[in-house]
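Chemist: Chain by chain, the residues:
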Amino acid sequence: MEISDPQEMEGLRSELQKAGVFVTTMEFIYNWGRSSSIWPLQFGLACCAIEMICTAGARFDLARFGAEVFRPSPRQADLMIVSGTVTKKMAPQVVRLYNQMPEPKYVITMGACAISGGPFKQGYNVLKGVDRFIPVDVHIPGCPPRPEALIHALVTLQKKISAQTTLPREQGDVSNRAYDKGDQHYPVPQLGAHDIVPPFNPEVWHPEPVRRDS
Amino acid sequence: MAQLEPPTAQRGYQILSSRDLDAQTLEVAMGPHHPSTHGVFRMDVVLDGETVTKLKPVFGYLHRNHEKIAENTSWIGSMPYTDRLDYFCSLTSNWAYALSVEKLCGITVPERAEYLRVILAELTRLANHACLAGFFVNDLGAMGTPLLYALREREKILDLFEWISGARMMCNFMRFGGCRNDAPEGWLAATRKLVAHFPSFLDEYDRLLTGNEIILARTQGIGILSSALAIDSAMSGPCLRASGVNYDIRKVDAYGIYNRFNFRVPLGDHGDCYDRMMLRLLEMRESLSILEQALKEIPEGSVQNSAVKIRNFKPPKGECYGRIETPKGELGFFLISDGGTSPYRYRIRPPSFINLTVLEDMCLGQKLADAVTILGSIDIVLGEVDR
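Chains X and G, in that order, are what the protein sequence lines are. Residue numbering for the first sequence follows this note's numbering, starting at 1243 and increasing by one per position. Residue numbering for the second sequence follows this note's numbering, starting at 549 and increasing by one per position.
Please note: incorrect hints may appear among the correct ones.
Every beta carbon over 10 Å from chain G, so not counted as near; a handful from chain X, in silico [as the list claims (entries may be wrong)]: (1) Thr1266; (2) Ile1271; (3) Ala1288; (4) Ala1291; (5) Glu1293; (6) Gly1326; (7) Thr1327; (8) Gln1335; (9) Asn1367; (10) Pro1377; (11) Val1378; (12) Thr1407; (13) Ala1435.
Here are a few chain X residues that face chain G, going by a calculated C-beta distance under 7 Å [stated by the list, open to error]: (14) Phe1264; (15) Ile1292; (16) Phe1307; (17) Gly1365; (18) Lys1370; (19) Phe1442.
Hints were generated in silico from the structure; no laboratory data involved. Note that the coordinates shown come from a computational prediction; the quantities given were computed from them, not determined experimentally. By construction, the Cβ of each residue, glycine as well, lies at the ideal position given by its N, Cα and C atoms.
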């Protein structure tokens, strides 16, 4: 018997639980574990990092969501919270850190600067959005976003993780796989004569063309 | 025993001799991603064993073109950007900018607004110094606990900021000739309550940190800065006073209404990391005394000079330098006006950046772990260093 509808699956599971039988999939357990113990990279860029520290502090207590273990090394981290303005001098390091993280890896951009350059967008040294170089899972608007917003982003990410499949490529739905990036390394931009080269990674960044109704 | 051949220089590494043994030195790039560089700061350290023989600070990883953006926006338009200068102390940055423009135009500030500014600036100083001590001992290896205590108190102060200005961190509260709005009902009473409660936190913090054996061993005699070097390198703020130089702009300039308050300026004896940390703990007590006096004396009245135009604000031609004592030191704005709607030149004198210039002098001959301590004791914020 194959049940594809998640609601039907949920119903069946609760029916069985009443009879004292717990049925689950390997994938469910695995995703539950992954999403409930996200280890973020201890990586502060600017003002938003202070709100990130507040979120980890006693009042907002990120530990309630299992994400309080900030790791200084990218090799031990699952999640990169890009908290602040990414300048053109810092962009290569951000991409390099992302490349060094093991799979499965996720990115939250925290604040207007990381999303688009924010208030500093007109600056000659400011990257207009970190999603030009690395794939971003959750964006948090705000300048800076409140700690509650970061918690909301984390819960959103947890939902996203729970919906992913960890099955091998040959089986199941492969459009939303947790391990899809493999050993792929995103090209690290370098400071060129006038701007960073390349200005964006076309693999990651394909914005909608701007249409102006004249 | 055969004589050891000295290692040959490879890949541009300079080889320095170390006492009797010819050994290779190690070059370490600490940062820009490093948990104890307080943001995106990089120290290129040359190590002989564990001893620092050379240290080169590298910054610019957070250069956000604040000055250039300010020269292309209206005068009031760069007020929100000053929030993001020193993002721990947005209100003192606001004040420094507002004070400079007021000096340029000769604007007077109503009495109540002056009191509100003092109250907010001293609250900012409390929040900054409490967190600094927390981050500092975090760098020493006390992972978390003291910092959590400090963040708990900072949250109470941030609640007050949010109540009066609408934002936790980026308050954007000062205006030329006053403040944006009056204190809401009940705000002053809540501030009085906080000020009454804060000494018990300071006592707790003192008990936790001051006599701690590890802190004493790790900070006393580390990173000594002589008063002569501190003056020569234009240091300011707690780092200067920890070296025994009695220079507090609140006393020297008596800007705003600081001459009305009775407070002392704590001074250090040795100029080491311990003095720099203790000085901040003492300064918090003096801030509390200023707050008590200001909250007692604050008059009723308007908080904004109604003669100042908000739209199409044009200062007369001229230049001026206004400065205040922020928690980090002397924050100054040098402004040149050509009579237009935006500054002709907008230059910031950031305390963190200038205090950072003596980092190498303080670190030479110390261990690498002490370099982290010394950096933590200077209290830098990269938003202000790189601007």
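Chemist: So, against the hints stated earlier in the document, which numbers end up violated here?
Modeler: 3, 4, 5, 6, 7, 8, 9, 14, 16, 18 and 19
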